[in-house]
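A.B. asks: Sequence lines, in order, name chains A and B. Under the numbering used here, read the first sequence as residues 1 to 257, first letter to last. Under the numbering used here, read the second sequence as residues 1 to 277, first letter to last.
Take these hints with a grain of salt, some might be off.
Now the in silico label distances, taken between C-beta atoms and shown as ranges [what the hints assert, rightly or not]: (1) Ser154(B) / Lys122(A): 27 to 37 angstroms; (2) Phe271(B) / Glu142(A): 21 to 31 angstroms; (3) Gln213(A) / Arg94(B): 25 to 35 angstroms; (4) Val263(B) / Glu142(A): 40 to 50 angstroms; (5) Arg94(B) / Arg135(A): 35 to 45 angstroms; (6) Gln157(B) / Gly83(A): 22 to 32 angstroms; (7) Asp185(A) / Val263(B): 22 to 32 angstroms; (8) Lys122(A) / Ser37(B): 31 to 41 angstroms; (9) Gln157(B) / Gly45(A): 14 to 24 angstroms; (10) Ser155(A) / Asn102(B): 30 to 40 angstroms; (11) Leu22(B) / Ser124(A): 26 to 36 angstroms; (12) Gly105(B) / Pro44(A): 26 to 36 angstroms.
Some chain A residues near chain B, calculated using beta-carbon distances under 10 angstroms [unchecked claim]: (13) Lys13; (14) Ser50; (15) Ala169.
Computed list of chain A residues with no C-beta within reach of chain B, every gap over 10 angstroms [to be verified]: (16) Ser17; (17) Gln32; (18) Glu88; (19) Gly94; (20) Glu193; (21) Glu229.
Honestly, the hints are just simulated from the structure, not real lab data. Each residue gets a CB set at the ideal place from its N, CA and C atoms; glycine is no exception.
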Amino acid sequence: MSRTNGIKIEIQKLTFSYSDSREPVLKNVNLQIHANEITVLFGPGMGGKSTLLRLLNRLSDLVEGNRMEGRILLDGQDIYAPGLDVIELRRRVGMVFAVPIPLPDTVWGNVAYGPKLMGIRKKSQLDEIVEKSLRAAAFWEESEDRLNEPAAALSGGQKQRLCLARTLALKPEVILLDNPTSGLDPLSTAKVEDTLQRMKRDYTIVLVPHSVQQAARAADRAAFLLNGELVEVGSADQIFTRPRNQRTEAYITGRFG
Amino acid sequence: MSEKVAFAVLTLAAISVVVPILLVLGYIVVRGISAISWDFITAMPRSGMREGGVLPAVVGTVVLTFGTAIAALPLGVGAAIYLAEYAPDNWLTRAIRLAIINLAGIPSVVYGLFGLGLFVLAMGMGTSIVAGSLTLGLMTLPIIISTAEEAILSVPQSFRVVSVSLGGTRWQTIRYQVLPQALPGILTGVILGLERAVGETAPILFTVAAFYLPRLPTSIFDQTMALPYHLYVISTQVPGMPVNVQFGTALVLLALVLSMNIVATVVRSRFRRRRQW
C-alpha cells in the first residue's frame with residue numbers, strides 16, 4: 001500500500017483567504033509531501049499552518065465565502081476538481097485535532113463511528129476494526145477493558161490517542177495532525193510521538209507541532225511557514241542544523257516566535 | 001448596603017413570580033376539588049352538562065394534542081433543521097424567518113377563522129379532529145421551530161467538524177451527532193408548544209369543538225368536545241351550572257397541562273444524564 005519515495009501530496013501555487021476582503025492566510029505556497037514520511041509544518045502562530053492542514057482534506061469547505069487559488073494534488077489528482085467525492089477524500093486524508101473531542105459516546109462507539117458511516121454494520125467486523133485501530137494508536141492495552149465506558153471519562157492523553165485511533169479506523173492514507181499534543185503532559189506527548197514514528201511505515205503524516213523541539217524530534221521533512229509564506233522547506237536534518245534562510249535560523253534559535 | 005438592597009429587590013421579584021401561580025392554583029383547587037371524583041373523569045356528561053363527568057372533553061383534548069403533535073412535529077423540526085443547518089443567508093431564508101416571527105404573533109382566534117376557511121370549508125374536512133389538529137398544529141409551529149432551531153444551534157460546532165472529518169456526510173452528521181444532542185431541547189420546545197395548544201379555545205371553536213356531544217369520537221373526521229371549550233361553555237352558556245363543576249373542569253385541564261410539563265422535565269433530565277461529554 002505504500003509508494004516508497006513517491007510524492008503523496010503536491011501543493012502548487014496555493015493562495016488562500018477566508019473572504020474576498022481579507023488578507024490571504026496563505027501566499028503562493030508550493031510544497032511536496034512525500035509518502036511514508038513525517039512532514040512537519042512549523043512556525044509562529046497565525047502563520048497559516050492549521051489552515052493549510054484543513055485545506056488538505058477540504059475541511060475548509062465548512063467555512064463559507066473563502067477564496068482559493070492554486071492546486072492541491074493527491075496522488076496526482078486535483079482534490080478541488082469539480083465532481084470529486086469529498087467524503088471519499090476525507091476518508092483517505094484523516095485529521096486529528098489540537099483539542100481531542102470525543103463524540104458523546106463510548107470508547108468503542110467513537111472508533112466505530114467512521115466505519116459505521118461507511119456502511120459497515122457487522123458487529124464482529126467493527127470489533128476487529130476497533131481493536132486494530134486502538135492497537136495502532138498504542139491505546140489498546142489501556143482501553144481494552146473500558147470499551148463500553150463513555151469516552152468523556154478518559155484522561156487528556158488517552159482522549160488524544162482515542163481520537164487518533166478513530167481516524168485510523170477509516171484506514172486513511174494520509175494523517176493530518178494539528179498540534180495533537182497541545183494539552184498533554186510530557187509522558188503522554190512522548191507516547192504520541194512514539195506512535196507517530198511507528199505509524200509512518202504505513203501512512204503519510206503531516207504534523208503541525210507543538211514546539212520547535214517537537215518539530216525537530218518528529219520530522220523527516222520540515223517546512224517553515226511565516227505569515228502565510230513558505231519560507232523554507234527541506235529535510236529535517238538540513239532545516240534544523242543548517243537552515244539556509246535567515247528567518248528560519250532566527251526562529252529555530254529562538255530569536256522570535 | 002446597595003448590595004443588600006439589590007439582593008432584597010431581586011429576591012422579592014423572584015418570589016413575586018411564584019405568588020400568582022400559587023394563588024391561581026390554590027384557588028382552583030379549593031373551589032374545584034369537591035367536584036373531582038373518579039366518576040367525574042370517566043363519565044359522560046348528563047342533563048345538559050349539569051351532572052355527570054367530562055370524559056369526552058378529556059378524551060377530545062388528549063386526541064387533539066396528539067393530532068397537533070403529528071401535524072406540527074415533522075414540519076416544525078424539519079424546518080428547524082433546514083434553518084439551522086442548511087439555509088443559506090439569502091432573501092428566501094430571511095423571508096422564512098420573518099414569516100415564522102409573524103406566525104407567532106397572530107392572535108389565536110385568527111388561526112381559528114383561518115382553519116375554518118381553509119381546512120373546514122375549502123378542503124372539505126368539515127368540523128373535525130383533523131381540521132382542529134391542523135389548525136392547532138399551525139399555531140404551534142412557530143414555537144416548535146424557534147425552540148428546535150435554538151437547540152440545534154447550541155450543539156457545539158466542534159462535533160460537526162469531527163463527524164465531517166470522519167467521513168460523515170452533512171445528513172449523517174445531523175442524524176447521528178446534532179439531532180441526538182439537540183433532542184432534549186427539541187422535545188422541550190415541542191411540549192411547550194403542545195401545552196399552549198391544549199389550553200386554546202379560539203382555534204378549536206370553529207374547527208372541531210362540539211358544544212355538547214356525550215359520546216367519544218370514533219374517527220378523525222368526528223367532532224369532539226374539548227376541555228377549554230367545554231370550560232368556556234359551562235362557565236358562560238349554561239344557566240344554573242354548579243360552580244364546583246366549573247372549577248373542577250378547570251382543575252382537570254390544569255392537571256393535564258402540568259403533567260405534560262412534568263413529562264417534559266423528566267424526559268429532558270433522562271437524556272441529559274445519558275449523553276455526557
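A.B. asks: Work down the list of hints and note, for each, if the structure agrees.
C.D. replies: Going down the list of hints, with the structure as the test:
At roughly 35 angstroms, the beta carbons of Ser154(B) and Lys122(A) sit within the given window of 27 to 37 angstroms. Remark: the range hint 21 to 31 angstroms for Phe271(B) to Glu142(A) is upheld by a beta-carbon distance near 30 angstroms. Restraint check, Gln213(A) to Arg94(B): a C-beta distance of roughly 51 angstroms breaks the suggested window 25 to 35 angstroms. Separated by about 41 angstroms at the C-beta atoms, Val263(B) and Glu142(A) satisfy the suggested range of 40 to 50 angstroms.
Restraint check, Arg94(B) to Arg135(A): a C-beta distance of roughly 52 angstroms breaks the suggested window 35 to 45 angstroms. A hinted range of 22 to 32 angstroms holds for the C-beta pair Gln157(B) and Gly83(A), which are about 28 angstroms apart. Asp185(A) and Val263(B) have their C-beta atoms about 46 angstroms apart, which leaves the hinted 22 to 32 angstroms range violated. Restraint check, Lys122(A) to Ser37(B): a C-beta distance of roughly 58 angstroms breaks the suggested window 31 to 41 angstroms.
The hinted range of 14 to 24 angstroms is satisfied by Gln157(B) and Gly45(A), whose Cβ atoms lie roughly 21 angstroms apart. Under the hint 30 to 40 angstroms, the C-beta atoms of Ser155(A) and Asn102(B), about 51 angstroms apart, miss the expected range. The hint said 26 to 36 angstroms for the Cβ distance between Leu22(B) and Ser124(A), and at roughly 59 angstroms that hint is violated. A hinted range of 26 to 36 angstroms for the beta carbons of Gly105(B) and Pro44(A) is inconsistent with their spacing of about 53 angstroms.
For Lys13(A), the suggested interface contact is broken, since its CB lies about 26 angstroms from the closest CB of chain B, more than 10 angstroms. Contact between Ser50(A) and chain B, as hinted, is not supported at the beta carbon level, the nearest pair being about 12 angstroms apart and thus beyond 10 angstroms. For Ala169(A), the interface hint holds, the least distance from its beta-carbon to any beta-carbon of chain B being 8 angstroms, beneath 10 angstroms. Every CB of chain B is more than 10 angstroms from the CB of Ser17(A) (nearest about 19 angstroms), matching its label as outside the interface.
No beta-carbon of chain B is positioned within 10 angstroms of the beta-carbon of Gln32(A); the least distance is around 24 angstroms. Interface exclusion of Glu88(A) from chain B breaks down, the closest Cβ pair being 8 angstroms apart, not more than 10 angstroms. Some Cβ of chain B comes within 10 angstroms of the Cβ of Gly94(A); the nearest lies about 7 angstroms off, and the non-interface call is violated. The beta carbon of Glu193(A) is kept farther than 10 angstroms from every beta carbon of chain B, the shortest such distance being approximately 22 angstroms.
With a cut of 10 angstroms on Cβ distances, Glu229(A) stays outside the contact zone with chain B, its closest approach being about 27 angstroms.
Against the hints set out earlier in the document, violations occur for numbers 3, 5, 7, 8, 10, 11, 12, 13, 14, 18, 19.
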